[in-house]
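Use the sequences and the hints to build the structure in full.
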Amino acid sequence: MQVKTTAILLLCCVLGQGQGHAKDLGAPMQLELPDADGSRFVRLSDFAARPLVLNFWRSDCPPCLQEMPLLQQAARRYTDAQFLGIAAQDPLAAHRFLIRQTPMAYPQLLAPLETSGIMRRFGNAAGALPYTVVLDARHQMCRTHVGAVDAAWLETALAVCAPSRQTAN
Amino acid sequence: MDRHGLTLGGLTLSSVALALVSGLAVAQTESPKTLAPVVVTNGGAMAKPGALRDDITATESIGAPEMGKSGATNLPELLKNRPGVDVQVECSVCNTRNITLNNLPGRFTTLMVDGVPIFSSVSNAYGLDMIGLNGLERVDISRGAGTSLIAPESLAGTVNLVTLRPTRDSAELDFGLGSHGFQRESVYATKLLQGAAFSLSASKQKQNSVDGIGTGITQSTGYGRQQVGTGLVVDDIGGFALKVRLDHLEEKRMGGPLGGDYAGVRADRSGNPFDFSKGPNASPDRNSWINPATGALVSAYDDGRFGLAQIIFTQRNQLVATAEKPITNGKLRLAFGYADHHQDSWYGGDADYFGRQKQYYLEGSVQRLVGATLLTAGLSYRYEDLHSLSYSPNSLPLPAPAIDADAYVYRTPGIFTQAYRSFFDERLEANASLRYDHNNVYGGITTPRLNLLWHHTDEVSSRLALGTGYRMPTSFFELDHAVLEASAVDRSQAKAEKSQNISYAWNYAGDRLTTTATANHTRIKNMALFVADPNNSTGLLLQPAPSAYTVNNVDFTGTWQATARDAITLGLEGYQYRFNATDFQGSLFARPKYRMSLALDHTEGPWNMNIKATWTGPQDLAKFYDYADNPRYDLNGQPKPNKSPGFWVVDSHVNYQWSKHVAAYLGVNNLFNYQQAKKDSFLWLDAQGAIDVTHIWGPNLGRTMVAGVKISFD
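Chains P and S are the protein sequences, given in the same order.
Position 127 of the first sequence, counting from 1, maps to 126 under numbering that gives the first Met the number 0, and the rest follow consecutively.
Position 514 of the second sequence, counting from 1, maps to 513 under numbering that gives the first Met the number 0, and the rest follow consecutively.
The hints are simulated quantities; they were obtained by calculation from the structure and are not laboratory data.
A virtual CB, placed ideally from N, CA and C, is assigned to each residue, including glycine.
Please note that the accuracy of each hint is not assured.
[To be verified] To be clear about the criterion: a stretch of chain P counts as covered by chain S if any three or more of its residues have a C-beta under 8 Å from a C-beta of chain S, and this derived list gives those stretches:
#	stretch
1	31–41
2	84–96
3	124–134
As structure tokens, then:
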């Protein structure tokens with residue numbers, strides 16, 4: 000009987016419909032994770048001066064899969080922002096899932112061996128998935144969302160965090 | 000969260016209490032109509048060594064993918080050689096295995112299925128090997144007394160098997176072949192229904208007995224086992240999320256003589272089919288051995304294959320069900336467990352023994368947020384009995400049986416409460432619990448525990464746990480095979496075994512480095528022992544050890560993502576054992592003072608390769624086996640060494656995802672073929688020249704290979 004999990008679940012009942020707003024701009028966020036095919040490490044600094052959309056997911060999370068097509072479309076449309084997927088699960092399980100998918104529109108990274116650190120760092124102490132973070136061009140936290148995103152939220156978040164964005168028609 | 004100036008939805012824990020509404024399903028559900036808003040990762044999604052789940056209790060997890068990569072076919076194989084966790088083989092001719100936590104005796108580890116404690120001393124003796132890995136989402140390991148509110152008898156910790164909630168229609172077939180006639184076929188299939196999921200698992204596995212040195216006596220038993228099980232998850236039935244798992248298990252195993260002719264061995268009661276002159280420090284004569292007391296050969300062995308045989312047939316039916324329902328500001332949980340365990344055994348040198356055991360477990364609890372505190376209160380009822388029939392001596396025709404010599408009936412209602420709360424902007428989390436149980440034999444027992452979790456930074460945390468546990472000693476032969484021959488067991492002097500534990504865990508969860516260091520102190524009082532009954536020449540007395548058994552240990556585990564494809568894991572463990580050897584009469588199995596492991600995991604596209612080397616340090620055999628009071632000798636009449644040598648064991652596995660439907664695997668365990676039997680025989684003699692089979696400190700199985708394919712459909 001894991002009491003903390005229960006507390007988190009209770010918390011997430013509400014947070015699942017919630018979204019966050021940055022009140023205070025802190026230091027630029029850092030991250031260094033292997034990409035899903037194991038070819039390299041990806042760092043946020045690789046995308047200097049670009050707004051970033053980080054989407055945390057796992058293949059056995061139904062709402063994560065539900066929002067994936069929308070994120071794929073958005074990544075193709077909002078070309079000024081860089082989308083990154085972060086699979087919070089075992090590399091082999093992530094690989095098994097990804098090989099079943101059509102080519103993803105943006106890079107997929109593998110979360111750290113223990114996800115609690117990165118989740119807390121990006122404002123998700125509850126560890127709830129799916130979780131989406133939008134960083135501005137200076138890579139400061141700008142918007143967060145727990146649960147599946149919708150088109151309106153993405154539109155608004157990018158309008159606030161990447162005001163000079165370009166869209167591809 | 001506030002570190003970055005964020006509030007998730009502008010909510011804090013206390014505001015959640017006001018905003019919570021009942022009826023929101025928060026689970027991994029498949030149906031779009033009932034799609035849950037979120038799934039919680041709980042931090043240990045990757046389940047790598049050194050990683051902890053994001054829980055207030057220091058809990059390591061082994062997830063389904065890692066189970067697949069390990070090549071393990073059952074729970075003991077999965078848990079061997081992990082920091083702070085190991086598998087102790089207790090008998091070379093029956094392969095009784097226990098899972099040890101912090102190197103404490105295996106009977107102090109509590110096994111649970113979906114949080115329901117439904118294993119006992121009897122099922123732990125031969126049932127562990129029957130616990131397969133099909134249909135599991137993960138295995139959670141928590142070390143320390145009182146790590147679980149509902150398993151106070153876990154003096155060393157808990158191992159919880161968490162059943163998978165299927166999320167798609169699927170079927171997986173697994174065919175494997177390996178050394179020593181190893182053969183395995185298994186199937187696991189899932190079917191989604193409207194708001195529910197059904198699973199079916201079945202497996203069949205066998206392996207021949209092994210004798211690596213030519214004595215004709217097994218160092219590893221042969222076995223054949225089958226399992227069939229079903230699972231049902233219903234997302235909403237009267238507001239409850241229901242999870243049910245039903246398993247039927249069967250196994251036949253035999254050690255001592257080689258082969259699988261159970262009836263033939265039972266009938267073979269004269270002559271000498273063995274060669275006692277083979278192996279290290281062997282007897283000069285193939286038919287007998289040197290009596291240490293006289294220096295002369297004992298009479299030639301003449302008890303046939305049956306004389307050293309241990310034949311064990313096991314059947315087990317097990318049902319576990321849990322139901323959880325959201326209520327205002329909390330949830331209601333109901334749990335039920337049932338196990339029916341049959342063991343028919345023929346111990347050639349001791350007795351024919353037939354044991355029957357039933358267990359029930361009932362639990363009801365409520366969790367509610369009250370202000371900023373999550374309160375839990377509940378009731379539980381545990382029932383466990385044992386009935387037996389034994390024939391000793393096992394001569395033909397059979398003598399009059401001893402009926403229920405070791406029988407017991409335990410009824411233990413309990414009440415428990417727990418409070419969880421976070422402080423200092425969720426940097427500190429605290430969990431305090433108290434439970435009271437009343438056993439029909441041992442009376443009332445109160446067990447408190449306290450867990451604290453401090454988040455130093457987003458990546459660094461500390462956990463401190465103080466807890467106590469208790470366990471009703473059982474009179475099954477886990478303690479001493481002599482009970483098989485006893486006409487009765489006097490338990491009037493026995494006391495509940497109690498432990499006190501303090502554990503500290505430091506954890507770092509970075510992007511490329513994950514480490515955990517722990518320090519543990521466990522002191523066990525009243526450890527149960529069998530001694531001769533002065534009032535009954537054929538009976539035994541079950542009584543508490545006169546002094547405490549204490550284990551202090553520190554361990555470190557770190558995994559470094561060295562490259563995008565390679566992870567390196569280092570494990571270091573050190574143990575201090577404090578006990579008076581005379582007080583424990585050699586009943587403790589030898590454990591090492593140090594252990595170290597180094598592992599490399601390489602993932603590249605469809606390939607995953609891992610290799611792990613584990614060094615086990617010397618073991619103080621003289622102290623654990625109490626040579627001062629019970630000296631041990633080899634078959635040549637010379638004393639056994641006081642210490643075992645340190646040794647390396649290397650395991651390696653390769654998995655290849657051929658296509659989305661087909662995967663292949665190859666595993667080589669004990670790559671360099673290290674076997675204790677080639678250095679030091681499992682056989683030993685007491686001072687009067689009586690032979691026994693429990694001198695164990697190293698691997699009983701040499702190099703083994705397993706290769707197979709997994710075919711999945713979805």
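Checked hints:
1. With 9 residues having a Cβ less than 8 Å from any Cβ of chain S, the stretch 31–41 of chain P passes the three-residue criterion, so the hint holds.
2. Here the stretch 84–96 of chain P counts 8 residues with a CB under 8 Å from a CB of chain S, which clears the bar of 3, and the coverage holds.
3. Closer than 8 Å: that is the beta-carbon criterion, and the stretch 124–134 of chain P has 6 residues meeting it against chain S, so the requirement of 3 holds.
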